[in-house]
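**Student:** Sequence:
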Amino acid sequence: MTISSGNSYLDSLTNASSSAGAAATKSNQTIDQSGFIKLLTAQMANQDPTAPMDNNQMVQQMATFSQVAGTTQMNQTLTSMASDIAASRFGSASSWVGHAALVSSDIAAAASNGAYAGEITLPSDASALQLTLVDSSGQVVHSANLGAHSAGAVNWSWDGKDDSGNAVAGPVQLITTAKAATGTGSVTATNSVWTEIASVQSPVSGSTKLITALGNYAPSDIKAVS
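Mapping of the sequence shown onto my numbering: position 142 corresponds to residue 142, and the numbering continues sequentially without gaps.
Think of the hints as simulated: they come from the structure by calculation, not from any bench. A few of these clues could be false.
[What the hints assert, rightly or not] Straight-line alpha carbon distances no greater than 35 Å define the calculated DSBU-like cross-link-like pairs of lysine-lysine that follow:
id : residue 1 : residue 2
1  : K161      : K209
2  : K161      : K179
3  : K161      : K223
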């Protein structure tokens, strides 16, 4: 009877397992801890008594398997954690659906009641602040003199109706001009608008996005929720 020596028996079993696995599903290609112990036991039982397996070699095999098994388990844990985080993230963001979010934009969309609202940020004091809303055809649909303001946020709102009382569907472009409180220069203002959150997308492999009439925004882009 031929006695297998060294790792030849384990190698043959591993090769056979690999060949069978190539035709099987991915789950059948892997070997669990129980299978590894069986292979190691078979290798020791069939080793050549005149050339037994080296202890260091056996320890190395066990360490390698342990490392691979540990990595697999860690990957499974990380995948599970990612799913949990995504679910938690989605749960938090989904509570915003139906609310209005304040986002940086020079374009405004009407709320469900037809009104428009936003915030103008002034980096310095302004003696005169003017807000003009223009539709897609370039026509001015609303203009407001907001007066003098100190540096900071200036809130504005409009009922969404033109001078004839007709509702402006939008979206509309915001044009702001501000005269500096001192000197003859101007102040560069930045616009933010309120937009309603229609839904939330939160894929496991991607980032959460809030869906609005103005586009999709990450939760980190939201300045405030009302």
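**Student:** Each hint should be assessed against the structure and marked as holding or not.
**Tutor:** Results of checking the hints against the structure:
no.	hint	verdict
1	K161 - K209	31 Å, holds
2	K161 - K179	27 Å, holds
3	K161 - K223	27 Å, holds
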